Amino acid sequence: MVTPMTQMESPRIDSARLAEVSRGLDRAEIERREKVFSVSGLGVSYHGKPALEDVTLDVHRNTVTAFIGPSGCGKSTFIRCFNRMNDLIPGAKVEGTVLYHGADLYARDVDPVDVRRRIGMVFQKPNPFPKSIYDNVAFGPRVLGLRGGLDERVEKALHDAALWDEVKDRLKDGALGLSGGQQQRLCIARALAVEPDVILMDEPASALDPISTTRIEDLMHELKREYTIVIVTHNMQQAARVADMTAFFSVVVDDDGSARRGILVEYDTTAKIFTTPSDTRTEDYVTGRFG
Amino acid sequence: MAQLRASFQEELRELEELLDVESDLVLRSVRAAVEALVTRDPELADEVIAFDDDIDEVYLRAQEAVELLLARQTPVASDLRLVLAILHSNVHFERMGDLCTTIAKLTKLSADLPPDEVLLTAFREMGERCEEMIRIALESLHARDATLAESLIHLDELIDLSNRRVVSRLLELGPENLEWGLRAIVASRCLERIGDHAVDIGERAAFLATGEFREFTDASRDPRPLT
Amino acid sequence: MLFAMLVAFGTLAVLLVDTLITGWPELDRQLFSGPPSTVPEEAGARPAILATLYLGLIVLLLSVPIGVLTAIYLEEYADRERWWNRAIEVNIQNLAAVPSIVYGILGLAFIVRGIGVGRVVLAGGLILTLVVLPTVVVASREAIRAVPDSIRQGAFALGATKWQVVWRQVLPASIPGMATGSILALSRAVGETAPLIMVGAIVYVAFDPTLFGSYTALPVQIYNWTKQPDPTFQTLAAAGAIVLLTIVLGMNAVAIFLRNRYRRQW
Chain A
1 MVTPMTQMES PRIDSARLAE VSRGLDRAEI ERREKVFSVS GLGVSYHGKP
51 ALEDVTLDVH RNTVTAFIGP SGCGKSTFIR CFNRMNDLIP GAKVEGTVLY
101 HGADLYARDV DPVDVRRRIG MVFQKPNPFP KSIYDNVAFG PRVLGLRGGL
151 DERVEKALHD AALWDEVKDR LKDGALGLSG GQQQRLCIAR ALAVEPDVIL
201 MDEPASALDP ISTTRIEDLM HELKREYTIV IVTHNMQQAA RVADMTAFFS
251 VVVDDDGSAR RGILVEYDTT AKIFTTPSDT RTEDYVTGRF G
Chain B
1 MAQLRASFQE ELRELEELLD VESDLVLRSV RAAVEALVTR DPELADEVIA
51 FDDDIDEVYL RAQEAVELLL ARQTPVASDL RLVLAILHSN VHFERMGDLC
101 TTIAKLTKLS ADLPPDEVLL TAFREMGERC EEMIRIALES LHARDATLAE
151 SLIHLDELID LSNRRVVSRL LELGPENLEW GLRAIVASRC LERIGDHAVD
201 IGERAAFLAT GEFREFTDAS RDPRPLT
Chain C
1 MLFAMLVAFG TLAVLLVDTL ITGWPELDRQ LFSGPPSTVP EEAGARPAIL
51 ATLYLGLIVL LLSVPIGVLT AIYLEEYADR ERWWNRAIEV NIQNLAAVPS
101 IVYGILGLAF IVRGIGVGRV VLAGGLILTL VVLPTVVVAS REAIRAVPDS
151 IRQGAFALGA TKWQVVWRQV LPASIPGMAT GSILALSRAV GETAPLIMVG
201 AIVYVAFDPT LFGSYTALPV QIYNWTKQPD PTFQTLAAAG AIVLLTIVLG
251 MNAVAIFLRN RYRRQW
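As given, the protein sequences belong to chains A, B and C, one line each in that order.
All residue numbers for the first sequence refer to the numbering used here, where the first residue is 1 and numbers rise by one.
All residue numbers for the second sequence refer to the numbering used here, where the first residue is 1 and numbers rise by one.
All residue numbers for the third sequence refer to the numbering used here, where the first residue is 1 and numbers rise by one.
The hints are simulated quantities; they were obtained by calculation from the structure and are not laboratory data.
Quick caveat: nothing in here was measured; it's all calculated off a predicted structure.
By construction, the Cβ of each residue, glycine as well, lies at the ideal position given by its N, Cα and C atoms.
There could be a bad hint or two in this list.
Unchecked claim - Lysine-lysine pairs mimicking BS3-like chemistry, simulated, CA-CA at most 30 Å apart:
1. A:Lys168 <-> A:Lys125
2. A:Lys49 <-> A:Lys156
3. A:Lys172 <-> A:Lys156
4. A:Lys172 <-> A:Lys131
5. A:Lys168 <-> A:Lys156
6. A:Lys131 <-> C:Lys162
7. A:Lys156 <-> C:Lys162
8. A:Lys172 <-> C:Lys227
9. A:Lys272 <-> A:Lys35
10. A:Lys93 <-> A:Lys125
11. A:Lys49 <-> A:Lys93
12. A:Lys131 <-> A:Lys93
13. A:Lys93 <-> C:Lys162
14. A:Lys168 <-> A:Lys224
15. A:Lys49 <-> C:Lys227
16. C:Lys162 <-> A:Lys125
17. A:Lys272 <-> A:Lys224
18. A:Lys172 <-> A:Lys125
Stated by the list, open to error - If you want a taste of the chain A side facing chain B, the calculated C-beta under 8 Å gives, among others:
19. Val21
20. Ser22
21. Arg23
22. Leu25
23. Ala28
24. Asp104
25. Arg108
26. His221
27. His234
28. Asn235
29. Gln237
30. Arg241
31. Phe274
32. Ser278
33. Gly288
Construct all of the structure, not just a fragment, from the sequences and the given hints.
Now the structure itself:
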């Protein structure tokens, strides 16, 4: 017995869910979210030689944004602009504007120390301090004067970094005794302990084995619910797997072959970059035809 | 060790579930098309034709989802076979939907022509057989069961038998029912094609399970007679 | 190479054994508790030993803080572009190689007479500090340099100020290296003779030394005894040498032990 077909709704059809399968966030949804960073006309030079030129893009809340591109394209230089780590490099000069929640990050009265508390960073090679696991995670809160409830802070940070179960019985042991993947998760916990707003990751898994890499990527999926994440990666499949938005940088060489500068070629949803990129240079890079 | 790539596994599951949604729509379409044909109901036939849009919507969504999943997750091994199986099955379901539409259109054209009990019974049987085959094909895909998939061959033979019965009945009825007869043959052929598509899905399910793609029957080696 | 090693160790061994044999008879409590005397049987080196220890303490208390802070400034804060920093850079190594008697002359002129402190323990301590300060600075700089930059980057990225990075990460990590360098520098200071003679470690002191009092140091005392004709004094000198050697070798052993125990695997 058949009832009028169009009136009968199958209990399993859920058009909203249907639309979401595999698609991930689309551009409109991302742009509805609050802008965490708004970069315009950014350029970086070292001792007068330009390394990166005229970058303009926005990073939105609770997304993972990936920077990809060949070596020398300035992606690491770029990510260091977000937490003013370029300040520590002698001869580095930053032009253009970086707005963080609408405020100029490079304004005169902005204290880089305060910036770095809100915008944490994880580096390519895990760099745990030569102290105990506990002291590593507690270092941030201690230097920032966040005294209260240190034990709870450390535990929460280790939980959020998916490391608690493995180290909960040996918090006083030296951090250098952990494996590479564990050390990197410890560095993530360390960054989380100061309760940042944004986590920057400069090739966080390139020094790790595949399983540790996958665990870090899974961690990013979890973390983006609470934090905003920006990563640099030379592994574009990684960007395809984890990122919501992907920015492709490339190198331009002056006619006489002397100066090499980085530029932003294309910035769009990961789905778009890896299915129908707008720029041929992007297409050439992601298909591996040009390195 | 906790499961890795949880979000990717979730995406694969959702993609497989899309097939469930699609098959559900197709089953309803088959049921309604046959019902319209047998009861000579042009309004129901219209609904079947309109319903094809819903099936196409799911088809396009699944195509897009497969493309995105391949681009972003680079699945390998059994994950890759699953995605390819879904890709192919999706096309087969969409074709089944189109065939139902054809049957519905034929129904509309032959609504005021006299029916024949034998033929109507045959059509009902073929319709039920098709529904059964679609369910089994999907089940064998979900269960990764190659043996179950192979059992589709026998059901397909039954449809073929019914198809031949329709042809021989029409020859009996003679030339005064020519118009109706021609349309009936096409409708029968459509149902037989739906069965073939179900077998194709079964072949994909077997490929998913074993890693080897094999056609279940090959016309060039089929020992059965043509008529 | 083996032959060269044998020659070196052999010479050292011969020297040590010879000193030991020569000085053994006079190695007694009298040596440690009694003041020097013209009568060899009653002579001891107590004031000299005490003064040596005091001098060592002064050197330790002055050279380590100054040396470490200098090293921190040079490594962490100084802008390499500035010419004066480059000048300091170049000259620290040179200073470590200057013969100690030159320090003695300088000390005589500027500290003993210039400031007018006089021929006192404090002056001796200051001179010795100057002698070993370059070594402490160099050793501390090496220890600071050995701390990988990734540690600093990591600390900065967490929102630490420059001073917090230095005080909480760089210094603790470089303490073993600094301790080793300091102890070695100290052991050198304890054995210095020439500058002390220049600034007035009087050869015959029979009373216990005080900070602003006259003094003599163990190496000087030994030197004094070797000049005496009576053979007992030679034995005493050898005995004193044993004591001095023990102190110096003991310090070196502590330094080596510390270095091996706390050697960091970066």
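Cross-check of the supplied hints:
Under the criterion of a C-alpha separation no larger than 30 Å, the hint pairing Lys168 of chain A with Lys125 of chain A is consistent with the structure, at around 24 Å. With a CA separation close to 44 Å, the supplied pair Lys49 of chain A and Lys156 of chain A exceeds the 30 Å bound. Between Lys172 of chain A and Lys156 of chain A the CA atoms are separated by roughly 17 Å; this keeps the pair inside 30 Å, and the hint holds. A hinted pair counts as satisfied when its Cα atoms are at most 30 Å apart, and Lys172 of chain A with Lys131 of chain A qualifies at roughly 9 Å.
Pair hint Lys168 of chain A plus Lys156 of chain A holds up; C-alpha atoms about 11 Å apart against a cutoff of 30 Å. With a C-alpha separation of about 19 Å, the suggested pair Lys131 of chain A and Lys162 of chain C falls inside the 30 Å cut-off, and the hint holds. Our distance criterion of 30 Å between C-alpha atoms is met by Lys156 of chain A and Lys162 of chain C, whose separation comes to about 28 Å. For the suggested pair Lys172 of chain A and Lys227 of chain C, the alpha carbons sit about 60 Å apart, so the restraint of at most 30 Å is broken.
Taking the CA atoms of Lys272 of chain A and Lys35 of chain A, the gap is about 21 Å. The hint holds against a cut of 30 Å. At most 30 Å may separate the alpha-carbon atoms for a hinted pair to count; Lys93 of chain A and Lys125 of chain A meet this at roughly 25 Å. Restraint check for Lys49 of chain A and Lys93 of chain A: satisfied, since their Cα atoms lie roughly 10 Å apart, inside the 30 Å limit. At most 30 Å may separate the alpha-carbon atoms for a hinted pair to count; Lys131 of chain A and Lys93 of chain A exceed this at roughly 34 Å.
Between Lys93 of chain A and Lys162 of chain C the CA atoms are separated by roughly 20 Å; this keeps the pair inside 30 Å, and the hint holds. A distance of roughly 24 Å separates the Cα atoms of Lys168 of chain A and Lys224 of chain A; the hinted pair therefore holds under the 30 Å criterion. Only pairs whose Cα atoms come within 30 Å are accepted, and Lys49 of chain A paired with Lys227 of chain C is rejected, the gap being roughly 70 Å. With a CA separation close to 22 Å, the supplied pair Lys162 of chain C and Lys125 of chain A stays within the 30 Å bound.
Our distance criterion of 30 Å between C-alpha atoms is met by Lys272 of chain A and Lys224 of chain A, whose separation comes to about 20 Å. For the hint linking Lys172 of chain A to Lys125 of chain A, the alpha-carbon distance of about 23 Å falls within 30 Å, and the restraint holds. Interface restraint check for Val21 of chain A: the shortest CB-CB distance to chain B comes to about 4 Å, inside 8 Å, so the restraint holds. The beta carbon of Ser22 of chain A comes within 4 Å of a beta carbon in chain B, closer than 8 Å, and the hint placing it at the interface holds.
Restraint check, Arg23 of chain A versus chain B: the minimum CB separation of about 6 Å is within 8 Å; hint holds. At a threshold of 8 Å, the smallest CB-CB gap from Leu25 of chain A to chain B is about 12 Å, leaving the interface hint violated. Here the hint on Ala28 of chain A is broken, as its CB sits about 16 Å from the closest CB of chain B, past 8 Å. A least Cβ separation of about 35 Å between Asp104 of chain A and chain B goes past the 8 Å threshold, and the interface hint is therefore violated.
Because the smallest distance between the Cβ of Arg108 of chain A and any Cβ of chain B comes to about 43 Å, over 8 Å, the interface hint for this residue is violated. Interface restraint check: His221 of chain A against chain B, minimum CB-CB distance 5 Å, threshold 8 Å, status holds. Annotation: interface hint on His234 of chain A violated; nearest CB of chain B at approximately 16 Å, more than 8 Å. Annotation: Asn235 of chain A was flagged as interfacial toward chain B, and the flag is violated, the nearest CB pair being 11 Å apart, outside 8 Å.
The criterion of a C-beta within 8 Å of any C-beta in chain B is met by Gln237 of chain A, whose closest approach is roughly 6 Å, and the hint holds. With a cut of 8 Å, the hint placing Arg241 of chain A at the interface with chain B holds, because the nearest CB-to-CB distance is about 6 Å. Satisfaction of the interface hint for Phe274 of chain A is found here, the shortest Cβ-Cβ separation to chain B being roughly 4 Å, below the 8 Å cut-off. Here the hint on Ser278 of chain A is broken, as its CB sits about 15 Å from the closest CB of chain B, past 8 Å.
A cut of 8 Å between beta carbons decides the hint on Gly288 of chain A: the least distance to chain B is about 12 Å, and the hint is violated.
In summary, the numbered hints that this structure violates are 2, 8, 12, 15, 22, 23, 24, 25, 27, 28, 32, 33.
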